[in-house]
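Q: Residue-level listing of the chains:
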Amino acid sequence: MNIVLRLAWRNLWRQPRRTWLTTGAMVFSNTLLVFMISLQFGMYELMIDNTLQVFTGHMQVQAPGYKDDQKMRQSVPEILPLAARLREDFGLDTIAARGWAFGLASSDERSYGIGIFGVEPDYEPGVSSIPGLVNEGRFLESHDETGIVIGAVLARNLRVGIGDELTLLGSGRDGSFAAAVVDVVGIFESGIPDIDRNFAEMPLGLFQDVFYMDGAGHQVVVSAATIDAAELLAPRVAASLPADSELVVHDWDALQPGLKQAIQADMSSAFFMYGILVILVAFSVLNTQLMSVLERTHEFGIVMSLGLRPGRLGRLVMLETALMGLMGFVIGAITGTIFTTWFTVNGLSIPGMEEMAAMFNLPARIYPEATFGTAIAGPLIVYAFTLLAAVYPALRLHRLHPVEAMRVI
Amino acid sequence: MRMTPVLSRLAWRYLWRNHRRTIIMLSAIAVGSWAMIFMTALSRGMVDQMIRDGISVLPGHVQVHDPEFLNDPSVANRITIPDRELAASFDTAGFRAWASRVKVPAVVSSERESRGVTLLGIDPAAEREFSFVSYDDVEGRFLEGPGDNGVVIGRKLADKLETDVGKRIVLMSQDPNNEIADRGFRVVGLFEASMPSFEESYVFVGKTTAQKMLRIGDATTEIVFLGDDYRDVEPTYERVIAAVDSGLDVRRWHEIDTYLGTMLRVMDGFVLIWVIVIFLALSFGLVNTLVMAVFERVREIGLMLALGMKPTSILAQILIESMLLLATGLVIGDVLAVLTIQPLQDGIDISVVAEGMEMMGASSVLYPKLYLNDVVLANVVVLILGFLASLSPAWRASRYEPVEAITKVG
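Sequence order for the protein chains is P and U. Numbering (this note's numbering) for the first sequence: 515 to 923. Numbering (this note's numbering) for the second sequence: 2 to 411.
FYI, nobody ran anything at the bench for these hints, they're computed from the structure. Possibly wrong hints are sitting among the right ones.
As the list claims (entries may be wrong) - Straight-line alpha carbon distances no greater than 27 angstroms define the calculated BS3-like cross-link-like pairs of lysine-lysine that follow:
hint	chain 1	residue 1	chain 2	residue 2
1	P	585	U	168
2	U	157	P	581
3	U	168	P	581
4	P	585	U	157
5	U	157	P	774
What the hints assert, rightly or not - Derived CB-CB ranges, DEER-like:
hint	chain 1	residue 1	chain 2	residue 2	range
6	U	343	P	817	47 to 57 angstroms
7	U	113	P	757	21 to 31 angstroms
8	U	181	P	578	29 to 39 angstroms
9	P	778	U	232	24 to 34 angstroms
10	P	901	U	377	29 to 39 angstroms
11	P	578	U	209	35 to 45 angstroms
12	P	767	U	243	49 to 59 angstroms
13	P	922	U	325	21 to 31 angstroms
14	U	181	P	863	43 to 53 angstroms
To be verified - Facing chain U, from chain P, some residues (calculated, C-beta under 7 angstroms):
hint	residue
15	532
16	671
17	791
The beta carbon of each residue, even a glycine, is placed where N, CA and C say it ideally should be.
Here chain U stands alone, though its shape is the one from the complex (with noise of 0.2 angstroms):
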């Protein structure tokens, strides 16, 4: 150990005795790095806005459901506890936002079409912060209050339904005994997605009006909340599963779409394959530039142990040195990639291929999005094996037999 500020400047120099060898294998790691993190920043900055996108629909990290309801989703399934109890148990408990509501499908006809829709009953009050709606950016206005007799709908459906705000929709669903529910709204707002596909499929209308036209009282079918990361909502979970009766569904956003919950643990895996796979390409680079750079100082090597330098000593300079020019080259290449994810902060258009994103689930702007962690692993990884991929090298070095080393010619 009291070698090791001797070792590391030997190592330093030796690494700039043949400076292009050393410049060329930087720029290899430099490379294979900066593609490391950025790569992972685009793809974690996609799947995090899916997740977003998705979350927002869905919404709520955590939800709460009859136990039939996600199969058969009726309204014969609702969970008849009335908003006031529910508000006892639920606001002292310290949510970021709760909300209950009314989710049914639901078919929306005007005087030219009709098309099956997911009809939404929300006090809007309470959802203003899980909304992918922007309350303020509606066209004509958003619902007023849970009784609000008006509706809400995306402008793609008002399109394919040749309406337009001011005019009369029928909604149609069924009540809890299978009669038809049905009833007439005016349309009061239209507003604008960042999927196409929810412009499509939603409808807003008032909580109790909704509640009026199934004929199911104060009932509701899902109850919806939100805690501080998407990511950990195990406390959120916990909390709802000690607060709610024991009789109802308690789900994580992940366990309901299952796709999105994929795609966030597939990103994982995908991250550090990606990382080992650069990493491999680079390490026969690293090995050879190791072989080549202790082949040169045979001799070199053979006077030092003659000397009476320690094998050890040798293998810890040949590792030291291998460390080095990892940690330089990463330590450029962390730099470029910050450097070029910066200007890339406020989204890459790629709305050239917008119908295949939203195939995936994806929106059309593309926002990178730099976790330290993912630049720690990608790092760490590195380091690490780079350091097995150099014992090889080094464990040779430190045992040539000094004579023979000595007359070794190069």
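Next comes chain P alone, as it looks inside the complex (with noise of 0.2 angstroms):
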């Protein structure tokens, strides 16, 4: 072993309750930043998934506008075969087409506002989580005239089950008035009593019939294998769009803005919390360090007055800090990811958090998984505050004038 290497590993020993109390200050700080990052960003991308998988997917085909003011008239014409083609052209089963309105859906006991969605039986199970969670009957198929499927808290409030009839009414794309008589044959329950109580499903053939949409819908969803790939598939789907239409493509970001902010909101206040626990535990390397120079004066004296240079006493003081801070990164990191696996294993749930778990499409029990990055994220920048830290120790060496320093007791 290196000398310089051996001189500074046994300087750290010289008091090594000091030592193991500045190590367990990286310790604490790394265990709890990866568990804390490993929870973040598992639940980010819960987020993500369980909110985009409901309805939005990852990408949309609109009409100009229709995102901000989802107008019956904002509609995309010809909107099967134009998903038909995206799904042969993407070699995608992903791609679905959708139109929305609003109606008012009565039983014989009871009337409510909802929205209606005309979907694509065969292909929307692909972009939306809704058909594989219908409980009581079944989904639309394609050959349904008159069925539709709603969601439980709906079929609850309007008194139906199964089999019953509802009565639509709204306005149609050209603001004349629209009615129909459904047959209910499915519900569905996502625990999101939002979804279940506001939502129903109707074929998108029948939709169009009822409210004179003449071919048109709304949107068209197309999902890709994951977030990544949706992103390079997005400026593809844009071109192959009908050049002379004026239709656009909004990604998931631009469909729900709120998500992502979100996501960043939450961010911002976490990283506040985890820089000033790393600046914590700077202040107490920054604080050992010193005072493992100042103890030394007198020994530094005798050593520069034999010859060395303050330059190297700080390269010494450096890696003893270096040394140091590897110790609470390797330790942390372990710790840290031993504490996360605890969790990935059996699922960390907080009493009375489910109401604001749900608020943002998560489960009650959360399962973080500690990744190699999550794992040395913290670690890596506590290690760097730890090196900046010692700096200033290092540096007054150069202050030290030999024969003082020796003089010093």
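Put the complex together from the two separate chains, hints included.
A: See the structure below:
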């Protein structure tokens, strides 16, 4: 082993208690950082996936302005052939056309205003989780002529079950009065009351008839295999749209601007907290290294008068810090990963948080997972600040005069 | 106890013998306590605002409905006690404000579009104190009385319906027999709200107009009460329970909007956890400082013991030293926190993430809220835990064998 390295290592253990306490501060912060960062990014991913898979998909083809106003006449003409062509062009089944309208749904006893989707029964399961959540009756089939699938809360409020009739009233694309009688064929339950209370789905063909859509719809939903793949796919979808149409492609971020912003807001407050933790560790290191330099003034005076340059002593102090920091890094990253893994297996649930979780489409029990990135990101930053904190004590050595220093006891 | 003044002075001087170390430790404590209080004030401010916004649409700290209404918000589940009787029992009970209203889901249509909304049939005079709409800022005018024939809708909704002040819209809901109840209204005013979603989901009409449209006589669907403080609704709740018919369902706001209720509880937990985490990060440095301080003066401690100072006095002296260090750091941190929060009182504009905040149910201006309770909590927790963390180094210092300590070479 290199002599300087050996010297630095031995110097650390001259005051084992102090070294352990300082390392302890790092281990504590690192453990916490690994856990928090793993949890945080795991939650963001879940939040995005769970939110997008309900209705939004990764991107949608819409008429210009539809995203903000959702007016009936901001429609995509000949939507079924368009969706079919896109499916063929990209070899993807996860592309489906939809229409959306607002209407009053009435049963024998109750009437409620709801959002009605017209969907392609064969392709909707590829872009939305709703078809899979039908737990009573069945999802729509392409030959359904009068079928509708509604949310569980809505079914309860309307007091209807499978096979019952509903009357729909609304306004068509041209503003005229639209009405239809449909049969409930399925009831879905997502567990999110707002969705279960406010939505219904019917076949797009029927939807187009009822609301005088004349072959048009409102959105072609496209889902890719992953979010990253979606990013590459979006410009290709945009390029494949007919050149003379005004249609636009919106990615999920544009469709759900709140999602990314909620994440950003959460991240900035989290980063403030992490920053404070890191600064506190840096103070701890600064204190320790400054003390260890001051303690050794006498000794440093002697070696300097023997010809050792302050720069080399400074490097020695930095090396000591680097070694101590490395211990904190390794132990912290390991304990952090172990700690997180415990929750990966057992899951984390905070009592009373269910409502908050549901607000962001999160399950009540979360399984954070430490990845290589989340396990070293926090410790790396702590390490950088540890080294930074030792710069001042190391530089102080340059001000040392060998003779005066030797006199200090 | 007699020794305390001497020991304190001794402790204070010891602190400044190594002023660099003390200053670094003080900075750490100050930054830590500043962060505790600052972060807490920001989060409190956000939750406060969320709850205030949330309660303002609910509204009312305590609400009374028909037992079935919350599950099945239909006029079939209405409250049939006429206002005259309500007034007789409530006006004497001394509520800050109360109102009865008609609140039902409805569909609003213009010649262009249809949307789902919540129809509120109100007596504008009775709700002035509750409302999230400031009557005077309405474009056009607000409702003038319970019999007003106009409708006031949000600006966002007006844009989507392509309607405007002076134009007509149709509201559709159901009457108690499930016949479609609809009526044309002239838009008389457009309101703006702190949360865009409010502007899209609520429409205001006169109470008696709504009752006529829904064919429910003088019945209403909810009675709302305002107490003095949303954090403490129990007194209001008790009085409402005493005043209303036992067949009705009386609820506190946090039982109706469980998300907001949870938010408030989670915040309390968060504050405590945050304070403890910061303290733990600080504690390593604190113990380290004390260990160093003791280590440096082992010989002095030995001498004092040899001269007859009691071990308890040594223990007390180290503890006082630690407490003085913490208290000084806390004071600096507290002052810093107040100084940094003061200029932010007018609100921090975070509208870059407005839609994200709305998803959380918060508005896009953040008003930090400094509560004395939180400041006290942070300081007390740090002092108590700091005391406990100092016990071990102090104990060890007081256990030195005088002769060994004196002869120890530093």
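Q: Decide, hint by hint, whether the structure agrees.
A: Cross-check of the supplied hints:
1. Taking the CA atoms of residue 585 of chain P and residue 168 of chain U, the gap is about 18 angstroms. The hint holds against a cut of 27 angstroms.
2. At most 27 angstroms may separate the alpha-carbon atoms for a hinted pair to count; residue 157 of chain U and residue 581 of chain P meet this at roughly 14 angstroms.
3. Taken as a hint, the residue 168 of chain U and residue 581 of chain P pair is honoured in the structure, with Cα atoms around 25 angstroms apart against an allowance of 27 angstroms.
4. Restraint check for residue 585 of chain P and residue 157 of chain U: the C-alpha separation of about 13 angstroms stays at or below 27 angstroms, so the hint holds.
5. Among the hinted pairs, residue 157 of chain U with residue 774 of chain P is consistent with the structure: their alpha-carbon atoms are about 23 angstroms apart, no more than 27 angstroms.
6. At about 52 angstroms, the beta-carbon gap between residue 343 of chain U and residue 817 of chain P stays in the expected band of 47 to 57 angstroms.
7. The hinted range of 21 to 31 angstroms is satisfied by residue 113 of chain U and residue 757 of chain P, whose Cβ atoms lie roughly 30 angstroms apart.
8. A beta carbon spacing of about 35 angstroms between residue 181 of chain U and residue 578 of chain P agrees with the range 29 to 39 angstroms that was offered as a hint.
9. The hinted range of 24 to 34 angstroms is satisfied by residue 778 of chain P and residue 232 of chain U, whose Cβ atoms lie roughly 30 angstroms apart.
10. The hint said 29 to 39 angstroms for the Cβ distance between residue 901 of chain P and residue 377 of chain U, and at roughly 38 angstroms that hint holds.
11. For the hinted restraint 35 to 45 angstroms between residue 578 of chain P and residue 209 of chain U, the CB-CB distance of approximately 44 angstroms keeps it satisfied.
12. Roughly 53 angstroms separates the CB atoms of residue 767 of chain P and residue 243 of chain U, a value that falls within the hinted 49 to 59 angstroms.
13. Between residue 922 of chain P and residue 325 of chain U the beta carbons are some 27 angstroms apart, a value that agrees with the proposed interval 21 to 31 angstroms.
14. Separation of residue 181 of chain U from residue 863 of chain P is about 45 angstroms and conforms to the stated range, judged on CB atoms against 43 to 53 angstroms.
15. Here the hint on residue 532 of chain P is kept, as its CB sits about 6 angstroms from the closest CB of chain U, short of 7 angstroms.
16. A hinted interface residue such as residue 671 of chain P counts as satisfied when its beta carbon comes closer than 7 angstroms to some beta carbon of chain U; here the least separation is about 6 angstroms, so the hint holds.
17. Taking 7 angstroms as the C-beta cut-off, the interface hint given for residue 791 of chain P holds, the closest approach to chain U being about 5 angstroms.
In summary, the structure agrees with every hint in the numbered list given earlier.
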